[in-house]
Each structure stands twice: as structure tokens, then as C-alpha cells.
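Order-wise, the sequence lines are chains A and B.
Going by our numbering, the first sequence opens with residue 70, and the numbers climb by one from there.
Going by our numbering, the second sequence opens with residue 70, and the numbers climb by one from there.
Bear in mind the hints are in silico, worked out from the structure with no lab data behind them.
Don't take every hint at face value.
Which copy is meant is left open, so a pair is good if it fits within one copy or across any two.
[Said to hold, decoys possible] DMTMM-like, lysine to aspartate or glutamate: derived pairs with alpha carbons at most 25 angstroms apart:
hint, residue 1, residue 2
1, Lys309, Glu219
2, Lys281, Asp244
3, Lys276, Glu229
4, Lys309, Glu121
5, Lys276, Asp334
6, Lys276, Glu392
7, Lys276, Glu396
8, Lys309, Glu323
9, Lys309, Asp356
10, Lys162, Glu129
11, Lys94, Glu431
12, Lys285, Glu174
13, Lys94, Asp295
14, Lys285, Asp244
15, Lys276, Glu345
16, Lys213, Glu323
17, Lys500, Glu220
18, Lys212, Glu392
19, Lys309, Glu345
20, Lys309, Glu346
21, Lys309, Asp148
22, Lys309, Glu358
23, Lys276, Glu121
24, Lys276, Asp254
25, Lys281, Glu499
26, Lys276, Asp123
27, Lys276, Asp244
Protein chains: 2
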Amino acid sequence: MQAEAIADPVIELPPVRDDDGYLTKAFIAAVEAAIEAEDRSAVLLLASNLHEADTGDLLEALNAGERAAFVRLLGSEFDYTALTETDEAIRVKLLEDLPNEVIAEALGDLDSDDAVYILEDLDAQDRDEILGGLSYADRAQLKKALDYPEESAGRRMQTEFIAVAPFWTVGQTIDYMREARDLPDSFYEIFVVDPAFRLLGSVHLDKILRAKRHEKVTSIMADRLDSVEATDDQEEVARKFERYNLISSAVVDENGRLVGVLTVDDIVDVIQEEAEEDLRALAGVGDEEISDSVLTIARGRLTWLVVNLATAVLASVVIALFEDTIEAMVALAVLMPIVASMGGNAGTQTMTVAVRGLATQELGARNMMRVLNREVLVSFLNGIALAILIGITAWLWFGSPGLGYVIAGAIIINMVFAGLSGLLIPIALEKLNIDPAIASSVFVTTVTDVVGFFAFLGIAALWFGLPI
Amino acid sequence: MQAEAIADPVIELPPVRDDDGYLTKAFIAAVEAAIEAEDRSAVLLLASNLHEADTGDLLEALNAGERAAFVRLLGSEFDYTALTETDEAIRVKLLEDLPNEVIAEALGDLDSDDAVYILEDLDAQDRDEILGGLSYADRAQLKKALDYPEESAGRRMQTEFIAVAPFWTVGQTIDYMREARDLPDSFYEIFVVDPAFRLLGSVHLDKILRAKRHEKVTSIMADRLDSVEATDDQEEVARKFERYNLISSAVVDENGRLVGVLTVDDIVDVIQEEAEEDLRALAGVGDEEISDSVLTIARGRLTWLVVNLATAVLASVVIALFEDTIEAMVALAVLMPIVASMGGNAGTQTMTVAVRGLATQELGARNMMRVLNREVLVSFLNGIALAILIGITAWLWFGSPGLGYVIAGAIIINMVFAGLSGLLIPIALEKLNIDPAIASSVFVTTVTDVVGFFAFLGIAALWFGLPI
Numbered sequence: 070m071q072a073e074a075i076a077d078p079v080i081e082l083p084p085v086r087d088d089d090g091y092l093t094k095a096f097i098a099a100v101e102a103a104i105e106a107e108d109r110s111a112v113l114l115l116a117s118n119l120h121e122a123d124t125g126d127l128l129e130a131l132n133a134g135e136r137a138a139f140v141r142l143l144g145s146e147f148d149y150t151a152l153t154e155t156d157e158a159i160r161v162k163l164l165e166d167l168p169n170e171v172i173a174e175a176l177g178d179l180d181s182d183d184a185v186y187i188l189e190d191l192d193a194q195d196r197d198e199i200l201g202g203l204s205y206a207d208r209a210q211l212k213k214a215l216d217y218p219e220e221s222a223g224r225r226m227q228t229e230f231i232a233v234a235p236f237w238t239v240g241q242t243i244d245y246m247r248e249a250r251d252l253p254d255s256f257y258e259i260f261v262v263d264p265a266f267r268l269l270g271s272v273h274l275d276k277i278l279r280a281k282r283h284e285k286v287t288s289i290m291a292d293r294l295d296s297v298e299a300t301d302d303q304e305e306v307a308r309k310f311e312r313y314n315l316i317s318s319a320v321v322d323e324n325g326r327l328v329g330v331l332t333v334d335d336i337v338d339v340i341q342e343e344a345e346e347d348l349r350a351l352a353g354v355g356d357e358e359i360s361d362s363v364l365t366i367a368r369g370r371l372t373w374l375v376v377n378l379a380t381a382v383l384a385s386v387v388i389a390l391f392e393d394t395i396e397a398m399v400a401l402a403v404l405m406p407i408v409a410s411m412g413g414n415a416g417t418q419t420m421t422v423a424v425r426g427l428a429t430q431e432l433g434a435r436n437m438m439r440v441l442n443r444e445v446l447v448s449f450l451n452g453i454a455l456a457i458l459i460g461i462t463a464w465l466w467f468g469s470p471g472l473g474y475v476i477a478g479a480i481i482i483n484m485v486f487a488g489l490s491g492l493l494i495p496i497a498l499e500k501l502n503i504d505p506a507i508a509s510s511v512f513v514t515t516v517t518d519v520v521g522f523f524a525f526l527g528i529a530a531l532w533f534g535l536p537i
Numbered sequence: 070m071q072a073e074a075i076a077d078p079v080i081e082l083p084p085v086r087d088d089d090g091y092l093t094k095a096f097i098a099a100v101e102a103a104i105e106a107e108d109r110s111a112v113l114l115l116a117s118n119l120h121e122a123d124t125g126d127l128l129e130a131l132n133a134g135e136r137a138a139f140v141r142l143l144g145s146e147f148d149y150t151a152l153t154e155t156d157e158a159i160r161v162k163l164l165e166d167l168p169n170e171v172i173a174e175a176l177g178d179l180d181s182d183d184a185v186y187i188l189e190d191l192d193a194q195d196r197d198e199i200l201g202g203l204s205y206a207d208r209a210q211l212k213k214a215l216d217y218p219e220e221s222a223g224r225r226m227q228t229e230f231i232a233v234a235p236f237w238t239v240g241q242t243i244d245y246m247r248e249a250r251d252l253p254d255s256f257y258e259i260f261v262v263d264p265a266f267r268l269l270g271s272v273h274l275d276k277i278l279r280a281k282r283h284e285k286v287t288s289i290m291a292d293r294l295d296s297v298e299a300t301d302d303q304e305e306v307a308r309k310f311e312r313y314n315l316i317s318s319a320v321v322d323e324n325g326r327l328v329g330v331l332t333v334d335d336i337v338d339v340i341q342e343e344a345e346e347d348l349r350a351l352a353g354v355g356d357e358e359i360s361d362s363v364l365t366i367a368r369g370r371l372t373w374l375v376v377n378l379a380t381a382v383l384a385s386v387v388i389a390l391f392e393d394t395i396e397a398m399v400a401l402a403v404l405m406p407i408v409a410s411m412g413g414n415a416g417t418q419t420m421t422v423a424v425r426g427l428a429t430q431e432l433g434a435r436n437m438m439r440v441l442n443r444e445v446l447v448s449f450l451n452g453i454a455l456a457i458l459i460g461i462t463a464w465l466w467f468g469s470p471g472l473g474y475v476i477a478g479a480i481i482i483n484m485v486f487a488g489l490s491g492l493l494i495p496i497a498l499e500k501l502n503i504d505p506a507i508a509s510s511v512f513v514t515t516v517t518d519v520v521g522f523f524a525f526l527g528i529a530a531l532w533f534g535l536p537i
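Same shape as in the complex, but just chain A (with noise of 0.2 angstroms):
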């Protein structure tokens, strides 16, 4: 026997990830294959070293009844860090299954943000149960921020942070963070407060390091205060964080007082559900998540289909006022859903600007008479354009110059009320406090639809002299 083949066999950790970067389908069934052969040790040599995005993209990939196979078995090397990382249905069944003390214990050792992700969603009988059961200042901090509204830049905060005196020097700072228990698992500044916490400035690492010893934190400290209140909501964070590339922030309460910090990789995924949410809104589809039931979903789903539902409804009644003109010339019928789309697309166009545009600011007070402007003159141009095209097409295939003139007219009309309601309505209903990428695609269709209908089918009536 050659030397190679008595050695230990060295076993083929399938990658991880491929080029795209999805998980392996061998990565998973390997893991599928460790969890289904209760072999603690296979599971432990593919998946106690993962990162916890790795983990949490794994738990998705599993099956209800493997997840939880698998956190038992990796037991105390499971990352509960992991489970900020999967879908809201994923982690709430998750910790359903899991008993209270082992949540409690985990949590303890969690960054107290990660902690509060996890306790949020719970209902409040599991979050009190398993609060109970950490210790006293574990306990306190996290009810603490619990207490902040929802979405608050107080849920999403790390409670631990480096805090320093204005009378320190570098030395002291550096010699303190060398000793310090409890820190955040990495941090980007540290802070300098004064004897009542209320927080002065901050001091970036590097700033630190290249300072010499003996200099006051007070003289590399930033001028510039870059804080948010704990109540503030986190989409207004948010666009903070964005606006002057902040990569982490102090949060104080209402009295200027030190209470957290935030890190900018809390806020990416802030960023990221923002505009995901108002392309959500604008489809009508709500907060539903890949995993969500059918139930769930179709649910979610049918409010918005009702609501669209009526507007539909009330584009038949204007059509129904024209039954006779119809019937006397049913090439109207063929022709007029055209009228109504071109509306409703031109509508959505500047619908879906003026949205984003009021939610990352860009639109407002200030440019809003020049977007208008603007979009009348670009309907009205666009609207010119599909008329002439949109007539010789009518007029060629039914042979009337007439209906080719009707279209066009009614076409340049539907357009310019396309504009200025897929602008005006959004503004309008930002102004009434109602999310204007929610409840703006009904009103704005509506407006297309009616005009539309009602334009070219009393146009039609006028010009051919048809009964109504």
C-alpha cells in the first residue's frame, strides 16, 4: 500500500457559493445529507465556520423541519447572529420551536442590535419569558430599546460603545480600549462625553491612530456633530447616513445624552428596503417575503386587486354612458382601450419619478413649479408624437381620416392629464401625511382611464354627429 492511500481521507468541503453568488446546490445537499444523518460532526465541519449571511441564506434553504434539526445540532456553535439574516417567517417559526432558555442564553451573548432584531417580532408572552431569563443589565438595556417606537434609530442601535472624558488624552483612550470588556464586536469611533453623558464629539479611529499619545481627544475630535435622536425614524436616518457618508452615528436621547451608535451596516439594509418598499407599494404588493404562505400573500394581495377593482368599475360606467355611440360605430370599442393604456403607462412614468423623487427629497417646494412645467411640456411633446402615430394606424385600418383625428386628439388630452396627475397626486397626497407610493397608481390610472374613455368616445360622438 503507497503512503497516500492510508492516509486519513481528507473529505471535499463542497464551495460554499458559486460564481453568481447563490449557495451550491452540493453545499446544500451536503448539509441536507449531515442533518438527515443526525452526524453532529459533518454538520459542525461544514457549518460552524460560516459567516452568519452564510448561515442565514442556509436556514432559508432548508426545509421547516431540517432548520431546526440543524440548530440543534450545531447546539452551542449555532450563530443566533445568523437569524437576523433570514426572512421575518423563517426566524419567528424558528424560534417558536426553540425553547426560551436556550434564546435567552444565546442573546446574552448577541450585540444588543442583533438582539433586539430577534426579540421584536415575538409575541410579547416568548419576548417577556425569554427577557426573564438574562441577566439584569442584559435585561434592562435591551427593554430599553425595546421601548423605542418601531423602525426608531432606538431599535436599530448597538448599546455598547467606547465613551471617553474631554480631559483624555490618546493614550489614555487607547490604554482604556485595550482593557475594556464589553465592546462591540467592531466599532468605527469612539465618543467624548461630558459628566452627564451629554456627548460632545467623536473621534474616528484613525484619527486616534495617528495622533501622538499625549494629545487631548478634544483636539482631534470632529467639529461637526454627526448625531441622531433615538426616536427618529430610520428612513430619516437613513437618508443621513447617505447624505454625508457616515459610516457610523451616535444616537443620544432627548436630553443630547450618549445612549447608542449605530453602523452603517445596519442602515444598508434600511436603504435597501426603503426603495424596495416603494417599488412594492407602486405593484400593490405589501411587506410579503418569499417565504410567506399562499394565504398570506393572496391575502396581501387581494386589498389592492379590490381597490383597482373599483377604479376599474368606474371606467366601465363612463363607457356604459356611451353604449349608443358604440353600437352605432363598434370600431370605437376596438380602438379605445389604446387610448386608455398610453395614459396609464405616460401616468406611471411620472407617477414613479415624482415618488422617488419626494422619498430621497429631490422633489420639493423649491423645483416643484419647474417639474411641473416640465412634465406638462413632456406629456404634451410624447403626446403629440404617439398622436401622429397612433392616427395614421386608426386611420389606415379603417380607412377614416376622421378616427384617426379623434384618436389623436383624444390621445394628446389623456397624455397631458396623464402628466399632471402622476405628478400632482403623489404631491398632493404626500401633503395629506399618506404615502404617496402607496396609494398613487389607483388615483393616477383612475384619472387615465376616465379621461381616456370619456375623450375619445365624446369626441368620437361629436365629430361623426353619433347618438350618446
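Since chain A is already given, all that's left is putting chain B on it; use the hints.
For chain B alone, kept in the frame of chain A given last:
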């Protein structure tokens, strides 16, 4: 006279931003007045200490003439980084108005990523002239970055970073940082490289601060190698940052040699852009910016409208097949838009979820069949709910139970097609390497229009024995 009356008049500077984060009218007005009066000291007082993001927003709020005057008045106090915070149209126009020598001098002082950002939109001649005005080292660096593909990591990276040898100690590293010139404005990790500059690992600043001076950097180096290739697309890079909660990442060339560093603040913009791109693409508005001209915007949107016109005409062709049917029962013309519009809305819902799922990789080969089953079921359930509602409405409205049955059947058929096409069309486009966000909605609405009109008018013709 009392003391306070003879004191220097304290100039009250207006607040820069209001509570909602918009620049205040008072601030903009004060700057405009100072520009109008060519009052350099007032402009300096108001604007020389602004954050680059505030200056960027201020430039957007001014008109074209004021912008150039503002930059001229600020002179060497103008922070060119602010140009990275404005719309492309404004940036390009402003750079055209400035002498190339002035731009060259300013770019020499910027971080390389900002300089590249400003240069990449200029035409080749201006770019070469500006590059010619830079020092040899700066020019070589920027040219190299500009050689990388657009929207690649190489374009977005900073080429200023700190790299040390593996045998260095923490103390040596800190001393080196204290002395080094040409460091980035801020940085979060240092890199360890071999003699050939191949990346061995990275050390976060907090780890350095907490280590003893005599420790080797390799002993506190992260074993996980988070690096991206310079040619990687920014979207792929953003996904990596997001997935692994990165703050910065090394950028390496094809030989694994360290060439730059990417920080999350640049990636935040990419994440925002990519989510917004999907939203805009779905609505058929390209990368227009709020400051673009009427003609640019109109042209950009017209393409989409013309493509949709083709699908609207296709739907009309289907209706034309049933002209005789409609002539015999004009109520069909009144009701038919409801069927098409419900299908369109349901299709858009599914499509939006599918497009985002593909973009965020939550939808992949692994869960495709499950999602397909779910979408068909959701569509079918909602189809039944809507069919009942609409069926009863039609029955009561036209006093014909038959019409109720017909429209109910057509709705269910169209809803199922909406669910199928809303999911399968984006997936098919992705497989064909066509961006599903751009092309899906045309195809999906074509399906829901054609199927909707065909099913409703066809079933009606059969049910009532009408002529076709």
C-alpha cells in the same frame, strides 16, 4: 451708548437645512443674494464650511448661471468633492464652464475615487486635457482606474490605502501611519501584502488599537479574505458588501495584487441606484435625472411608450376579431376593460416580486418550483374572489346572470395567466441575459390584455351564441 450697541453686528447665518432635511429657503436666498452682489466674503461665510453633500444640494438649488458664479467666487475654497453629490447633468455643465487647468489643479487634491467619478462623464478631449494638467503619479493612477470597465469596482475604488509587510508589528504599523503622507481622508482597515503586493489579509483599526505594540500584524489579521476583483461589476460588489455587512473591502487585480480599496459609502450609492433602477425600469423611465432637459426626458420615455403602443395595438387586434360579437351585445365593450385591467394589476404584482427576487437572489433555481406553485395558487384564489365580486356586479348591472358567469370565468383564466406570466417572463428574460426589470412589463401586460380580451369576448360569444 451701551456696550452691546457698539459691538460688532453679529451676522445671523440662516440654518442650512430644515427639520425635514431640505435646504432652507432662507439659506438658498442668502447665497443667491451674495452671488448676485458678487460678495465673495458673504459667499465664503455662508458656504465655505459646508459639508460636500450640502454644497452639492446647494448647487442643484441654484440656477445654471448662479452655479458658475458660485464656484468662481469660492475660488480655491470650493470643494470639488461636492460635484460627486450633484446630478450628472449639473456636474457636466458646470465642468464645461470651468477652465480645464482649474479642474486639473482641484482634482489633484481629491481622493482618487472622487476624481474618477468627476472625470468619467466628461468627453475624451476634456478628460485628456485635464489629465495632462495633473502630476505624473496622479495621472497614471487615474488613467489606470479609468481603464477599468464602467460601473466596475476598479472605477469606484480609492487607490490610497495602507499596506504593510507580514513581519511588521502593531507598533511599527502605528508609527508608519503617523508619518505616512497621501493617506485617504478616512480608512477603516489596513492591508497585509507579500513582497509582490499580493493581498494576504486585512486588519481592522479597532483590532490594531486593542493589540499590544509588539504583536505581529499577522496575529490579529482577519482570516476571512474579503476582497473583490477590480473588474467585478459594482452590483455584484454591492451584494457582497450587503451580504457580509462590510465597511470596506480590498480590491485586487487578476493576479491577486492589491490595487485599491472600496468603502461602504460609495457602495451605499450603488445599492440605492440599483434598487431604484429596477423601479424606474419597471415603469419605463430610464436613468433620467430631475435636472435633465425636457427633450432628453421626453425622448427617454417615448421609446417605452411606443413599445407599449405596439402591445396596445395587439390587444385591439384581438378585440377587432370580435367586432360582430360586440355589435350584438355592447355591454361586452363596457365590461371588457375590467378583465384586462385586473389581469394587468395581478401580473404586475407577481412580476414586481419576481424582478426583485431575481435582483436580490432570493429567487433562484432552488425555490423556483415552490414559488411557481405558490404564484399559481395565489392567482387562482384571488381570481375566484374577484370573479365572485365582478360576476355579481355584472349580473346586477346588466340584469343578466349569464354575463356574470362569463366575466367570472374570464377573470379566473386571466388571473392564472397573469400569475404564470408575471413569474415566468422575468425568469426567462434573466436566462436570456436581458434585464427582467426593463422588459418584463411589456410582455406581461401583453399577455394579460390579449388573454383578458380573448377569454372574455370568446366565452361570451360561445355562451350567448353570438356572431364572431
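Which hint numbers does the structure go against, in order from smallest to largest?
6, 7, 12, 15, 18 and 25
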